[in-house]
Every structure is written in C-alpha cells, then in structure tokens.
Amino acid sequence: MGLGCGKKSPEARWRIAFSQCTTTEPWRVLFNARLRAEAAKHPEVKLIIADAQDKTANQVAQMENFIRQRVDAILISPKESAGLTDVVAQAYDAGIPVIVLDRGVNTDKYTCFIGADNMEIGRAAGEYAVELLGGKGRAKGNIVEIWGGMGSTPAQERHAGFQHVIDNEPGIKTVVGRQDGDWKQDRAYNIMETALKAHPKIDLVYAHNDPMAFGAYLAAQDAGRAQQIKFIGIDGIPEEGCKWVAEGILAGTFLYPTPGEEGLRVALKVLRGEKVPKRITLPTARITKANVAQFLPAAQ
Amino acid sequence: MSRKQQLLGLVGRLKLYLGLAALLAVGIAVSPVAADGTNVFLSPDNLADVLRQVSNNGILAVGMTMVILIAGIDLSVGTVMALGSTLTAMLLTLRGWSTAAYVTVPTCALVVGSATGAAVWRLSTKWRAARVVTALMAGLLAGGLAVAWLAPQTSTGFSVLAVLVAVPCVTLLLGTLSGLIIAKGRLQPFIVTLAMMIAALGSARLIAGKDHSVYQVYIGPDGATPAFQLLRARIGGILPVPGFVFLLCVAIASFALRNLRFGRYLYAIGGNEEAARLSGINVERIKTATYAISGLLAGLTGVLYCAQYRQGKPDAGTGMELDAIAAVVIGGTSLMGGRGSVVGTLVGVFIFGLLNNILQLRNVDYNVQLVFKGVIIIAAVLLQEGRLGEWFRHLFRGHRPAHR
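Protein chains in written order, with numbering that gives the first Met the number 0: chain A, 0 to 299; chain B, 0 to 403.
Just so you know, not all the hints are guaranteed correct.
Here are some of the chain B residues that sit facing chain A, going by a computed Cβ distance under 7 Å [as the list claims (entries may be wrong)]: (1) E283; (2) Y365; (3) L369.
Computed beta-carbon distance windows for the label pairs [unchecked claim]: (4) L381/B with A159/A: 39 to 47 Å; (5) K139/A with A21/B: 53 to 61 Å; (6) G148/A with R361/B: 16 to 24 Å; (7) Q226/A with L179/B: 48 to 56 Å.
Covered stretches of chain A, going by a simulated chain B footprint (3 or more residues, C-beta under 8 Å) [claimed, not checked]: (8) 11–21; (9) 107–120; (10) 129–135; (11) 229–240.
It should be emphasised that the hints constitute simulated quantities derived from the structure, not laboratory data.
In this text, a Cβ means the ideal position worked out from N, Cα and C, and glycines have one as well.
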C-alpha cells in the first residue's frame, strides 16, 4: 500500500485509515464507496481501507497495525463491541483520533461516535405500518415480522422500536413468531412461503432489511397474494430498497445512512484542531413512492 | 429363514423410514387447521412447498452421497452452488452476446456431451438401457447446442438453455479439478475441497462485484425471461420444477448406484480402496468422476436457486455443505464410506424439511427450532442405526448390543 516509505507526499498531508468489519454486504459496499467518494474531495487526505473479513481478530490486528504505522486518524466500524474495545482505547491512548462508526464500543476512550439509531428507525417503521393499516388508534391487521440476524443488536433494536409502537394498537396482531431471516432474501422467501399457508389473512410484512422484504414479496407474488399485502423494509440503498419502492414492490423503506462521509469530515475537523461532539446521530428518512426519486442512483 | 428373522429383516429395512413416519405423524397431529377444516400441513400446496424448499439441499446431498460413499467429502458444494447462481444471474442480465460467449457455450456443451456419453457408454456394457440414455443425452445436448447457437436473445442476455448448459459446465470443470487433485495428487479431499470452497467464494464475489456496487445480481421480480421462469413453475400446478429435478437426480443416482458398474465401483472403493485398485478398478478415474458429478449438481442447483430467488448471491451457499453432509449421514450413509444409499439421503433431506415446516407452521420461536433440530438429528440417527431397538433387546434379554 506504499505505507512503508513513511514519507507524505506534499498534497496528501494526512493518512486516515479505516478498518471496515466486512465488505460483502451491500450496505458495507455502499459505505466504502461513499467514504472513498468523500475522500476524493479532499486532496490532502490519503485514505487506507482495510477489510477485516467479518472476523474480530483480523480487525484487532488491523488496528494494531495502524497504531504502529502512526497514521494521523483512524476510522473503525467494529464487528462487535467486546473484542474491539481494548484496541480502540489503545489507539486513543496513543494519541490518534479514533472515530467509531455504526456500532459502538464499551469505553469512553474514543474521539467521536457516528451512527444511526436503529431503535428510532424501528419506531419510524412502526408508525408507517400503523398509518398503512388505518391510522393511529384505528389500525387493524395481521403483521408478519421477519427478523435479521437474531443475535445482532441492529435486529433487536429494529424489532424493539417497531414493537413499541405496535403495542399501542390493539387492532394489530403479529401472526408469526420470531423468525430469523438472517438478512437474506432466500431465507425470507421460505419463511413467507410457509406463513402464507398458515395464515389466510396477512396485511403487512415488516422485514428488518430490504432484501428480506423483497424476498417476502416474491413469495407472496408466487402465491398470487402480493397485491393484498404491504411490504416495509429498512436500509434504503439506491440499487435495492429505493429501486423496489420506485417499482411499487415495497410500500416503503427507511434510510439507514452510511456514516463514512461524516466520519471522514469529523476526522478532518479533529486534525485541524476544531472541537467535535462525542456523539453524532445520523437521521433516518421515510422513503415512499412520493419522495423516492431523490434517493435513486441517478439523483446520487 | 424363520418367520421371526424375516420380520426382523423387514423391520431392518423399514427403520430408515421410522424417523420420517414419526415426523409425518407429528406434523399431521400438530398442524394448524384452516378455516374450511382442512389440515394445513397435509395440504398438497404445503407439501409441494416442502419439496421445493428441500430441493436445493437435496440435489447437493445426492452428489455428496456419492462422494461420501468413496470415503471422501466435498466441502465446496455450497459456494460452488452460489458461484453457479451468480454466474446464472450475470449471464441472464448480460446485454448483448460477445463473440466469446458464442464460442464458449457450444464448446462447453460439446465437451461435456461427448464426455458424458463416452463415460456412460464405457461403464455400462451390461445395460442396454444406459446406451439408450447415452444416445438421448447426446441428442439433447445437440439440441441444446443448436438452440443456444441459433436463438440467442441479443437484447436480454443468454438464452435459458445456454445458461443451463454453460453454468453446470463451469462447475463440472471445477469439480473435475478438485477430483483430479485428490485422485492424482493423492491429497486429502477435506483440504482440497476446502480450498475449492474458498476459491469459489472469491470468484463469485469477483464477478458479482465487478459491474455492481452491491454483492448481488438481481434478475428482477419477474425473474428474467418467461422461459427462465419455467424453472420455478409447478408441473401440473402442484409439482415444483426444482423438486422434480431433485427427485429425478435421486432416481438416476439410485439407478446408477444399484445397477451400473460405476455405482458398484463406488461401494468397492469406499469399502477398501486398495482392494478395489488390486481388483482392476481405475480408482483415480472413478474418484475424479465422482467429484465432477458433485460439481455438476452444485452448478445445476445454482441455476435453480437463481430462478427461485431471482438473485445470484456469492455467499448464499455458505454453510450449505454442512446441511448436505447432515442429510447424507441422517440418511444412513457412513462417513467412513462404502455403506449407504441415495434413497436414505432422500429421507434425511425430508426429515430436515418436514421438521422446518412443522415448526414454522406452529410459529415456534427460531431459537427453539434450533434446539428441536439438534434433538431430532440425534433421534433420527439413533432410530436408523437401530441402536434403540438393540438397546431395548439388550435390556430385556441381556444380549450385548452389536457394534458396527
């Protein structure tokens, strides 16, 4: 990567390193792409992206590597909190600004945390579901919820926020118990296929991400019942959820913004000596047919 | 043979189905009842769903059965399947044919057609039927070639026939490669197919990530061309095509294992490789062919996966090799090789599928489902191994249970 030389070219004054936990998920791919695009706007920055391949041990090794190289700032999107807390604190203690993205760590020894609030997104999805089913206090219908990875905090929070809203609506019934779609379209398809057999009346599907909502739609389409059911997803990636909203497949999706661009801007502020808040929460947005145009690839 | 022995023999043959029968009974008993009083679990629609849901794992497990029979293992089936699905989606969404495509597809078909034909011909002196099958296959491939050559869809990517030929061709070559390294290089199948598993995942991600910023290739909700949609249609409104393909694979493999020399050789090699070699069996060739078949079936599964879920997904198959191995072992095939059957695998596959279906129809919490699955796997294996019966007999008569 040309790091060994230790010299900084005159235009690239700052080496900013990013440890990404994985790059195989579409959301992570977009995350990296937008981070790179932001870095391209700042000629004074040399951006280094490392992929930890979904393994905590790899990510710790990358962080140690960055500390040894004495990069100017570190961005990290941790795979999980427990295993990475120590190394984040180490980097911070070594005097390197550390911006933690998307998932937090269990220490105060970091410069800034930037992420979206999954609980809030779940709540927004719940409110939209209530609207689609008849409005506050009057909403009626049978809901199928398809979970993301059951052990992951995003899934738990996306559920909790949604449930919080739904609990106030006696007319809404969740007809399927916890079903783990593991964020995957094919798993969601199979879950929905069976749910359609067991429940003659399903009014709305809430999936913890867009590919699962799409998978549930495909199952309903194959069973000839897609028109009677509304589908809500989360993430709002231009090539997935937004496209499907525009095509009328999903009733809506909720933006789960990637924190990379903001992370780089905050890192630059720190390097220039400006003060930054300890925590930045990125806002979500409801994406429906009415406003989807501004989120599609062409508009980006 | 006394009546008692006859009876015990019958029980012995039936014990493979005991687990399945018990599961069916439970399914019927606990199934929700629809508004019109019908049993949802037993409804033809639901059983067709189960057949479809197990078909991917099932086809992989058919190949895995053959590999395990020769005391091998193929860890690459999942990722090779996913590579197949990604390739399929790529080819279908490709705009316009390149010259390379014109050359590659028919060449692949020709090579594979002649190789399959020659192999079946050589291995089947006893069976005239197999020669007829060879002729049919050659004819089919020639027909496929003609269609692939004459009727490409220039606007919407590869024709379905071309995909159906090209993708399994590619994965057959990958399987052959693994097989050659294992057979000629005398390397452990575990490590060779592990390497292939990793490489296939990488290749799939490479081709998926090239033109798309997301690591998936979607073919749209309608599923590419109408011809491609046929791959997830239902024959006669009830039998899903993937399920049909699975049952067909079981039938062909079962026939081959029972009646073709190739099949008998697998048992011989799995029983004692050295003895098989000494008795004149070309062990290297048979081994290579076995891994090649496993690769071919993985590619076929990939095409079906793409048709069903309308996507090619590089990491779709991660972990599927374990499901396939589990189905094979539950079906009574020994991991040490030499003993087992494809029909047993069919039963193993259905034990998984029916259990999934029952638990989901009852809305059982996912984590509870996992516990149930673990328990059922052990129970099914105990039932099929006949250990339960032996233990009972031991208890009442003081016989020592026989160890295998």
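Checked hints:
1. E283: Nearest chain A Cβ about 36 Å off; hint violated.
2. Y365: 4 Å, holds
3. L369: This hint is violated: L369/B lies away from chain A, its Cβ roughly 9 Å from the closest one there, beyond 7 Å.
4. L381/B with A159/A: 39 to 47 Å: 41 Å, holds
5. K139/A with A21/B: 53 to 61 Å: Taking Cβ atoms as reference, K139/A and A21/B lie about 41 Å apart, which means the hint is violated.
6. G148/A with R361/B: 16 to 24 Å: 23 Å, holds
7. Q226/A with L179/B: 48 to 56 Å: 52 Å, holds
8. 11–21: violated (count 0)
9. 107–120: It is violated: at least three residues are needed, and the region 107–120 of chain A offers just 0 whose Cβ sits closer than 8 Å to chain B.
10. 129–135: violated (count 0)
11. 229–240: The restraint on the region 229–240 of chain A holds, since 3 of its residues have a Cβ under 8 Å from chain B and three suffice.
Of the numbered hints listed earlier, those contradicted by the structure are 1, 3, 5, 8, 9 and 10.
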